[in-house]
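Residue-level listing of the chains:
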Amino acid sequence: NAGVMQNPRHLVRRRGQEARLRCSPMKGHSHVYWYRQLPEEGLKFMVYLQKENIIDESGMPKERFSAEFPKEGPSILRIQQVVRGDSAAYFCASSPIQANGDEQYFGPGTRLTVT
Amino acid sequence: AQSVTQPDIHITVSEGASLELRCNYSYGATPYLFWYVQSPGQGLQLLLKYFSGDTLVQGIKGFEAEFKRSQSSFNLRKPSVHWSDAAEYFCAVGGLTGGGNKLTFGTGTQLKVEL
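Those sequence lines, one after another, are chains E and P. Residue 255 in our numbering sits at position 71 of the first sequence; the count goes up by one each step and never skips. Residue 116 in our numbering sits at position 33 of the second sequence; the count goes up by one each step and never skips.
Be careful, since some hints might not be right.
To be verified - Below, simulated DSS-like cross-link-like pairs (lysine-lysine); rule was C-alpha separation at most 30 Å, straight line: (1) E:Lys228 / P:Lys132; (2) E:Lys211 / P:Lys132; (3) E:Lys235 / P:Lys132; (4) E:Lys228 / P:Lys195; (5) P:Lys151 / E:Lys228; (6) E:Lys228 / P:Lys144; (7) P:Lys144 / E:Lys211.
Keep in mind that the hints were calculated from the coordinates and are not lab data. Bear in mind that the values here come from a model prediction, so they are computed numbers and not experimental data.
Here chain P stands alone, though its shape is the one from the complex (with noise of 0.2 Å):
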């Protein structure tokens, strides 16, 4: 079965800062990987996918992610945070698995951003 964690709970990090959120997966075949973004009361948004080829994806709002298949990884990053970027972030594994194509999430990091 596919499997998200996601070890980091909170993080708090400083406006202009550098970030890295962590994600591991478990997933017995080529995964699809997904980072989404949910801002207080709001649904979810993407911030970037991974599906093959280049390991180190481009999303929205200035973020990338590598995929690291030795390490079974998926982090976030982005060079300098904005207070805006405070939020809850959730990776995600995606594939066709014989009944669709459902997500499984991590339990998600809560991200403050220090002014």
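Chain E on its own, in the form it takes in the complex (with noise of 0.2 Å):
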């Protein structure tokens, strides 16, 4: 049973361009949630999603960023016009259910590097 993919694992994007990051979920779990970790600290929540459905949207900036989960296919979460301070480490997580205390199983992480 693979784990949780994303890719690509390493990004590098010019300020003013586009970065889409995609993470495809443990198989049989349909809740993704996204973290974003900036250099020297902890994983922020940024989103939780499941099928067709964003659920809580709390952690994500305002502007330039978005996700989605669609019926088919994986997740992907969208920067648009990136700067510098987007630079961070990516990372999705999935579960089977949502239920208390559900562990959440990790992906390895997209490391985006703006230049």
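Bring the two chains, given one by one in their own frames, into a single complex with the hints.
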């Protein structure tokens, strides 16, 4: 059973370009979470999605960031017009059902560098 | 709002010595508590979790943690550290708060093991 897959593992973008980060949850998991880890900091929650629904986006910046989890295919975190401050590691996690304290399984992350 | 404090940013121990990493949390209800480990350039691996019941929780790699409600703490311990334990350790609190099971992480403790 493959774990959570994220690609690309490393992404370099120039300021103003768009970044697309992909996350394929574990088989059978229908809940996806995105977290961002800035240098020297812990992970911060961004958004929680189920298939075709955004459930909680309270951690998402108000502009330039969006996320989706379509019926088919991976979850996508999109960052438009990237700036240097977007440089970070972005982690996706998945869980099977929404239950109290369900364990989240983390992917290896995408390390975004904005030049 | 829930929060997690890891007061030690860096800890250095000798191989074979015992280890305790501190974690304090703030949460309005019964918390669900987790310890994750992150090796350089990697994703997060779950070490152990506490939901309810026995307050002493056993995890993988010989780690254990004790939930102390009166102190709002969930400290991670290991009797004898191995060089391969060098990594960053994150404490996290989670629980259904109306919009999913998002985790709140501490800022992490970097563990260095001296041979």
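Assess, step by step, whether the Cα of lysine 235 of chain E is no farther than 30 Å from the Cα of lysine 132 of chain P, and give holds or violated.
With Cα atoms ~26 Å apart, lysine 235 of chain E and lysine 132 of chain P stay inside 30 Å; holds.
Q. Do the alpha carbons of lysine 151 of chain P and lysine 228 of chain E lie within 30 Å of each other, as the hint requires?
A. 25 Å, holds
Sort out whether lysine 132 of chain P lies within 30 Å of lysine 211 of chain E, counting only the CA atoms.
22 Å, holds
CA of lysine 228 of chain E to CA of lysine 132 of chain P, is that 30 Å or under?
-> Within the cut-off at roughly 19 Å; holds.
- Query: Does lysine 144 of chain P pair with lysine 211 of chain E here, judged by a C-alpha cut-off of 30 Å?
  - Reply: With Cα atoms ~26 Å apart, lysine 144 of chain P and lysine 211 of chain E stay inside 30 Å; holds.
query = Holds or violated: are the alpha carbons of lysine 228 of chain E and lysine 144 of chain P at most 30 Å from each other?
reply = Within the cut-off at roughly 26 Å; holds.
Worksheet item: Taking only the CA atoms, is the gap from lysine 228 of chain E to lysine 195 of chain P under or equal to 30 Å?
Response: 24 Å, holds
Violated hints are absent here; each numbered hint is respected by the structure.
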